[in-house]
Structures are given as C-alpha cells and as structure tokens.
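Chemist: As a plain string of letters, each chain reads:
2 protein chains.
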Amino acid sequence: MTVLILTGQEDVTADMVVMHLNAASVPVVRLDPADLTAGAALSGEYVHGSFHGHLSTGGRLVSIHGLRSIWVRRPGVPAARAAQPSAWLTEEASQALYGMLRGCTARWMNHPDAARRARHKPWQLRLAQRSGLPVPATLITTFPQAAREFAERFPDLVVKPVSGAHPQEPPRAVPTSRVAPDTDFSAVAYGPTLLQRRIAKRADIRLTAVGGTLMAARKETPADADPDEVDVRFATSDVPWRPAEVPPRVAAAVHTYLREAELAYGAFDFAEDADGTWWFLECNQSGQFGFIEVETGQPLARTIAEWLARPAPRDHEQTDGRHTVTP
Amino acid sequence: MTVLILTGQEDVTADMVVMHLNAASVPVVRLDPADLTAGAALSGEYVHGSFHGHLSTGGRLVSIHGLRSIWVRRPGVPAARAAQPSAWLTEEASQALYGMLRGCTARWMNHPDAARRARHKPWQLRLAQRSGLPVPATLITTFPQAAREFAERFPDLVVKPVSGAHPQEPPRAVPTSRVAPDTDFSAVAYGPTLLQRRIAKRADIRLTAVGGTLMAARKETPADADPDEVDVRFATSDVPWRPAEVPPRVAAAVHTYLREAELAYGAFDFAEDADGTWWFLECNQSGQFGFIEVETGQPLARTIAEWLARPAPRDHEQTDGRHTVTP
Chain A
1 MTVLILTGQE
11 DVTADMVVMH
21 LNAASVPVVR
31 LDPADLTAGA
41 ALSGEYVHGS
51 FHGHLSTGGR
61 LVSIHGLRSI
71 WVRRPGVPAA
81 RAAQPSAWLT
91 EEASQALYGM
101 LRGCTARWMN
111 HPDAARRARH
121 KPWQLRLAQR
131 SGLPVPATLI
141 TTFPQAAREF
151 AERFPDLVVK
161 PVSGAHPQEP
171 PRAVPTSRVA
181 PDTDFSAVAY
191 GPTLLQRRIA
201 KRADIRLTAV
211 GGTLMAARKE
221 TPADADPDEV
231 DVRFATSDVP
241 WRPAEVPPRV
251 AAAVHTYLRE
261 AELAYGAFDF
271 AEDADGTWWF
281 LECNQSGQFG
291 FIEVETGQPL
301 ARTIAEWLAR
311 PAPRDHEQTD
321 GRHTVTP
Chain B
1 MTVLILTGQE
11 DVTADMVVMH
21 LNAASVPVVR
31 LDPADLTAGA
41 ALSGEYVHGS
51 FHGHLSTGGR
61 LVSIHGLRSI
71 WVRRPGVPAA
81 RAAQPSAWLT
91 EEASQALYGM
101 LRGCTARWMN
111 HPDAARRARH
121 KPWQLRLAQR
131 SGLPVPATLI
141 TTFPQAAREF
151 AERFPDLVVK
161 PVSGAHPQEP
171 PRAVPTSRVA
181 PDTDFSAVAY
191 GPTLLQRRIA
201 KRADIRLTAV
211 GGTLMAARKE
221 TPADADPDEV
231 DVRFATSDVP
241 WRPAEVPPRV
251 AAAVHTYLRE
261 AELAYGAFDF
271 AEDADGTWWF
281 LECNQSGQFG
291 FIEVETGQPL
301 ARTIAEWLAR
311 PAPRDHEQTD
321 GRHTVTP
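Sequence lines, in order, name chains A and B. One point on numbering: in the working numbering, the residue at position 176 of the first sequence is 176, and numbering is uninterrupted. One point on numbering: in the working numbering, the residue at position 279 of the second sequence is 279, and numbering is uninterrupted.
No lab work stands behind these hints, which were simulated from the structure alone. Just to be clear, a hint being listed does not mean it is correct.
Have a look at the derived ranges for each label pair, beta carbon to beta carbon [what the hints assert, rightly or not]: (1) A:Gly-59 - B:Val-239: 48 to 54 Å; (2) A:Arg-116 - B:Glu-260: 45 to 51 Å; (3) B:Asp-15 - A:Arg-116: 30 to 36 Å; (4) B:Glu-10 - A:Asp-273: 20 to 26 Å; (5) B:Pro-27 - A:Glu-220: 49 to 55 Å; (6) B:Arg-242 - A:Arg-60: 37 to 43 Å; (7) A:Ala-83 - B:Gly-66: 42 to 48 Å; (8) A:Thr-277 - B:Ser-50: 33 to 39 Å; (9) B:Glu-229 - A:Arg-60: 17 to 23 Å; (10) A:Asp-182 - B:His-52: 20 to 26 Å; (11) B:Ser-177 - A:Thr-183: 21 to 27 Å; (12) A:Val-239 - B:Gly-66: 46 to 52 Å.
C-beta: ideal position from N, C-alpha, C; glycine also.
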C-alpha cells in the first residue's frame, strides 16, 4: 500500500515527511498534477462492475486501488506544464485525476471537499462557536450602517479579508489591521468587510492538529509591542515559538471542530488574552508547519508521516463479487 | 420560513417553480449572487456564541436563520455586476455569501460540496457501478497503448469529454461521437480521453430525481436512425419524450446513488438497449427539466416546489444557550 503525495517538486516541507516515510519503509509516490500528460500519466478502466486505475510518474506505476492515503500538500494546477496548456486541458486533467482518486478508498489529508468548505471564514466562525471555542465578536457586512453600529459597540476593532490571500500571482497575504471606530464606513457598501473585536493579546497560539494529535506552540507578545502590530505574520518580534500545553476544554472543542469539518489536518490560530483565554481566529486546513517544527522541535512531520502510513480502510467489496457502497 | 433561490433574473425554469411556491403561499426570495454589492447586500454578526445574518435583495430583507431551503439553480458569478468587478471582489463576495449560507440549517438542492463532487464523471461511473447500475465498459486514459487495447476488446466505441462542457464563453457542449477501432490513438498522450463501448440503443432515457421522487421519460430511437447520431442532445429526431415506468431495480440503484452522492436533485441519462437494459451514461446534478415537463406533462416543477417548501430541520440549539453541532 502506497502513500500518494500531491505536490510540486520544490517542497521542502513534503521532503521532511517523505524522509520519515522512507525511514519506515512505506512506499511513497509524489505526483504533481501540473505534470499530467508531460511526465505524469493516468489510466482507469470501468469494466464488468469494477474499476482498475493507475498513475504513472517519474517512471513509476502505482495502482489507485493500492493507495493507502493521499496527502494533498501543494498540488500544481493540473496539466499546467503540458506542451500546450489550456483551460480545457486543465479541466479535463483535473476531472480525470481527482475523479478517479475520489472513487478510491484511500484516506485523505485533507479530502478536497472538506478542504474547500474549510476555507470559508464565515463558516469557520460559526463552526468554532458551535464547537465551543471562544470567537471574538465579528461582523461581515456590506451595510455601512451595520458597520457603524458595530464600531460603536466594539470600538477596538481590526479589519481583515473575508477570503484570505489576495488572488494575484503570486498570492499576496493581506494583513489584519486596526481600524479606528470613527472610520468612514461608507465604502463597506462596495465589498464585504470583516470587522472583529481586537483581542489585546499576551501571545499568539498556533495549534496544529494531525489526526487526533494536537500540538500547540506559543509566541509571547513583547510587553513593549506596538498594539498596531496585530498580525503575527507581519510582526517584527523575534520572540521564538515555544511548545505550549493545550487546555483540556480547548482540546475537546478542537476535536469537535475537526470531526465536524472532516479534516485530518488543521492549523488553528488563536490569540491568548490577559486572562489566558484562547480566542479562535481561524483554522487553515493547509497551514504551514515547518517553521513550528524548527522552532519548537515538535515532531509534526513525523506525526503526519505516521498518519499517512496507517493502513487504508478495508474496501467493502464482498467476495461474492457484489459491491456495497463505501462512504 | 423562506425559500431562497440562487439564480439569474432570466430563468423561466425557476419561474415555473416560483409559480407553484406562490400558489402555496410559501415565501420565496430570489437572489443572484452577481448582484452582490449592487442591488444585493449581506450582513452577518457573530456575537456571544451565536450568529445572526441577513440577505437583502430587491428591497426585501430575509433572515438567514429563517431559510427553510436553498435552491442553487443558475447563480451568477458573485459580484459580477458590481460597479468595479474584480477577481478579488468575486472571491470576497463568494466566501461571504456561501460561507454564511453553509453555516445555516436550511436544506440544499443541491449542497455546493455535493454538486461539485457530482460533476466528476470518473467518480460518477464508479458510484454507478457500486450502486448497482449497469455501466458500459469505459476507459479514461492518457496511455495510447491502453486506448489501442481497449479498442481491440470493444471495437464499437464512442469518445466523449471527461469533464463536460468546453469552458469557453458561452460554454459549448462537446458531442459524444463514434470512433473507429483503427483510429490512431497516439494523441491520447496529450490529454485524458474517455472511450466508452457504444450502446446500440432503442431509446434514450432521462430519469429526473427530486428528493425521493423519480420520474422517467423515454425518447424512442427511430428504426432508421443514423447510428452515428449517438448524442441525443444533437440528434435530429422529432420523436417526443414520453413518460416511462422506472424498473424497480433501477429505482433502488438510483436511490442508492442519490443517497451516497448526497444529492436532492439529479438528472440521469441512460441508453436503453434491445434487451430493455438501462445503461448509465451520466447524472447531471443541475440538468434541465423544463423540456421534459413540457413534452411529458410530468409535474417536475411542482415536485421541486414541494421539496423546497418542506420545513427546515430543527436547529439543534438548546434553550439553555449552549450549542450543539448540527451536521
């Protein structure tokens, strides 16, 4: 049984995981969907009620039936490196590859449907509430009047994008920024705006979940930090990330979140306030972990490798030749 | 409790359903995501562990909590008609709208995740096999040698796109066509190709599923039909669609398919052979039904309206203020 990693060739984070899989003698195939039709190939046959499919890349042939797990790491755009790339070829190659893989019984980190749903920040906030995580008061609106009233109730505010990175090439992260309560909110009418009560934070928390394993890291906010430096990704602090204990209530809520979101991997960002409360900011289903592993020594790559190496669920095909549906 | 229909303004098929909902005095709001920020607006607030959201369009305001069902009919690209449209605004508006709607308890026809998955033809074929529907022998491949061997085993073949319509503007349907077994298959290496055993058909079958209700229509193939006219969408026959009985085995398999696919609506295409067997060709989760209703008199629009009008599942929020997760 083979582990399939969908990612580009330049991916040192994937290299870390592959190293652990190699050490455990677990077969791995690494495929970049961008290589399809030029370097990577696929074939699947539906005959007499059953399916037999294969992928080929780098001179290796792997049976789709023989996949134990699929790690969707940083896959390229399907067929992007074909001799004559086109939107049509990308669509055909995408449907062929992911359509075949979706029909197999391998375990996914993360399943494409769960990954796509998990990117919706409004959905994240609601699920976090329902899972029992504290969520800072938040408004997403195109009504200027709603923004004004919210700013009166919660004068210490930040603004951030609803969707995440700006879709330019390369994608540009848009920093979370403070916004003054007397701001002119009339431009809110021209695009959805996410306003959130600013948490006066004592530390940033990054909690990485791999299957049922939770590992938290904490980066203390310096006492003299500029309160306008809201976004840890853009902060100038050189305080390192340190391992942190996960409070049991947070752990229980995170497990609920992951189960409902059907995620095998998630990188949660929290802001820790002066009372020690961890406020949910977001959960990135494909968040980086290399920098956390380097600074804390937490064995994230090894834990991912162990999750990927677990056997696939049994195929529910029965020996009498009939098939039952596998969910 | 309101029915939300996501579609463009020019949609006579939606008009048919709205007419039935109006007749039953069920409140309906019709919103085109393309109108967001210019004509349509949204707002959602996450405070103290709960969510309150609203949509506004055409001067009407509707609570997201008060939606009983959401019909994703032919929604426009979010914010496409904004004063200054952009990829970024579309992404922000899409995440805001669908992110809020995904968090609510309304029933979907069809849920965006189920709809997206259901478009993958390789996945459809595998699920049809597993559900017990006869599937013509099919090969999807980028290996020319695999195509040649398949053509030797199944010399009477058709070729069709893996993904569906060509993504030009407006989308162009690519007809299914016959392919001679001595075809030069070397070009298969440049793009995934779907080859399928041609069913010598006696009729085309369109089975429309609305919730648990199945309605089939049959269009007989004229005895003198050109066997090269494989694709009913492009055929010149003026034989009308007529209502047909659904064989019990097909009905059971279709119910399994819909349950596993988590689809509330599906338009199945079958080819009926000389033995009366219905061969699964595809299931279009957003297939048109107006032409079937017009020719057969089957009450498809009314059945959809009835499905949409059913009450939403109860919100699992408890009266003590705690929240449990609703799946």
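Chemist: Where does the structure disagree with the numbered hints, that is, which hint numbers, in rising order?
Modeler: 2, 4, 6, 7, 8, 9 and 11
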